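K.L.:
Chains as they are written, first to last, in the numbering used here: chain A, 1 to 427; chain B, 428 to 522.
Be aware that one or more of the hints could be misleading.
Said to hold, decoys possible - Calculated lysine-lysine pairs in the DSSO-like style (CA-CA distance at most 27 Å, straight line):
#, chain 1, residue 1, chain 2, residue 2
1, A, Lys351, B, Lys493
2, B, Lys476, A, Lys351
3, A, Lys379, B, Lys456
4, A, Lys128, B, Lys493
5, B, Lys430, B, Lys518
6, B, Lys476, A, Lys268
7, A, Lys336, A, Lys40
8, B, Lys518, B, Lys502
9, A, Lys351, B, Lys456
10, B, Lys476, A, Lys379
11, A, Lys419, B, Lys430
12, A, Lys351, A, Lys118
13, B, Lys493, A, Lys124
14, A, Lys128, A, Lys65
15, A, Lys351, B, Lys518
16, A, Lys213, B, Lys502
17, B, Lys518, A, Lys379
18, B, Lys502, A, Lys118
19, A, Lys124, B, Lys502
20, A, Lys249, A, Lys40
21, B, Lys476, B, Lys456
22, A, Lys419, B, Lys456
23, B, Lys493, A, Lys379
24, A, Lys268, A, Lys379
25, A, Lys118, B, Lys476
26, A, Lys128, A, Lys118
27, A, Lys213, A, Lys231
28, A, Lys351, B, Lys502
29, A, Lys118, B, Lys493
30, A, Lys419, B, Lys518
31, A, Lys65, A, Lys124
32, B, Lys518, A, Lys268
33, A, Lys213, B, Lys476
34, B, Lys476, A, Lys419
35, B, Lys502, A, Lys379
36, A, Lys351, A, Lys379
37, A, Lys118, A, Lys213
38, A, Lys351, A, Lys213
39, B, Lys456, A, Lys390
These are calculated hints, taken from the structure and not from any lab test. Fair warning: this is a prediction, and the values are worked out from it, not measured in the lab.
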Amino acid sequence: MVKPPLLVHDGVAQAVALSGRVHWIGALDPHLRTFDIILKTANGTSYNAYLVRGSTGVAIIDTVKESFAADFFARLETVARYDEISVIVLNHLEPDHTGALPELMRRAPQARLYISQKAQTMVKALLKQDDLAFTPVLTGDSVSLGDRTLQFLHTPYLHWPDTQCTYLPEEHTLFSGDVFGCHFCDSRLFNDQVGDFRFSFEYYYAHIMRPFKDYVNRALDLIEPLLPLEKIAPAHGPLLRDRPQRYVKRYRELSQAALQNENHDGEKTLLIFYISSYGNTQRMAEAIYEGAMVIEQVRVSLYDLEGSELEPFVDLIEGADGIVFGTPTINGDAVKPVWDLLSSLAVINLKSKLGGVFGSYGWSGEAVRMVEDRLRGLKLRVPVPGLRIKLIPTEEEIALCHDFGRELAQELVGQRQSKVIDMADLA
Amino acid sequence: MAKATITFEDINVTVSAPAGTRIIEISEKVGSGITYGCREGDCGTCIMKVTEGWNNLTEPSVLEDKVLRENMAGKHNRLACQAQVLGGVIKVRPV
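Take these sequences, add in the hints, and give me the full structure.
P.N.:
This is the structure in structure tokens:
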């Protein structure tokens, strides 16, 4: 069995070698249980920072959370002097990776800072330093350390606009920032030695990367040509030196639909969700469903929110072209299951999907407008004004529901007539 | 008075409006997905993409330019609460 790394010796934090020229100089935070409000972790996390030594200079890649700076500097000092540092790379500006940066720059004032193009507008706001000098970089840019080179990959929105990866070609090592990371703390550091962290890897992807699947796929287009990598060194969690390509492959799998739907070529999907207290909103939903089904090339599905947990619906919505919500108004509001589903959608990309809202009401009927506003806030298109019906729908009103469904389906396939209005006619 | 036609591409609605009208005055009434925060050119919530007729809108002020930059707005983006129509054909959509 391979001996686990020695992180502390005689009370002094030690750097850990990934190779003769690359060291881990990060910090462990085993007591953290909630990260960034939204993420749970059952055994803490790590803030991974790295040091790369070249023949003409030393580079530091990322730092740690400010309260762990002492460990970071102690580890750094075991493998380099501050006056040797010529390059500081920030793959991501979030404070858990930049907390020790101001002090590092004070100790190594000669070092040049390299950040992504998109990081430029954020870095000053984050570090509160107006006179900060840096070099913005994109894919294709590199910096030489003599016999070692750092090449930059522009991988925005994984999971902030500023994120990038840094590649060390001489050692086939990718410093990936939060990509391929997870909140898992284990002093054995390497993926072939730590405890089972698979659930943390998947959980991290689901909560941090999933909303940006398109960007993940674009980043993988840059990363896959680098395979086979010897090591992936992420900013959180285990360092991936044992078959790192498995984690790249898993990201690609997670960024594609799990089971392809049964749609024919060019067919659009419209999902109708409803909840009903007296059956009136349900009657509306059924009529809308029938109306939408009249249009060819649209695959319509109808779901009662009372009949399922919400999580599977999030998956369905992620792959759908259009979503419609039916909610009664109770005490001046839409009902909780509808809000619960809507508040579960932050983990997926909804931009430009078609949205629509309908519902029966007793006397005030605010719910439809409220949910429409929420859909717009989530960046859905809401081209067909919501349909509100007082109490029990009449036959004429059922016909309106039919029209509403047909119009939504027509919009999905580009058959809906465009509207021309004079401003004077707008209320 | 000169009139402009402004199309909200997300909802496929075109409105004929007099010169000087701000986009904000129209978009909410027709239900476009452009969303608003402060409504006074400060927060950047209402950034929209102008897909046609850039020159048929008033030029962005120094302050609007600053807010666009701070919010990392892309090319041909404007604040819907600030941009006024001048005439001709304009097409916009939420970003």
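K.L.:
Check each numbered hint against the structure and report the violated ones by number, ascending.
P.N.:
none
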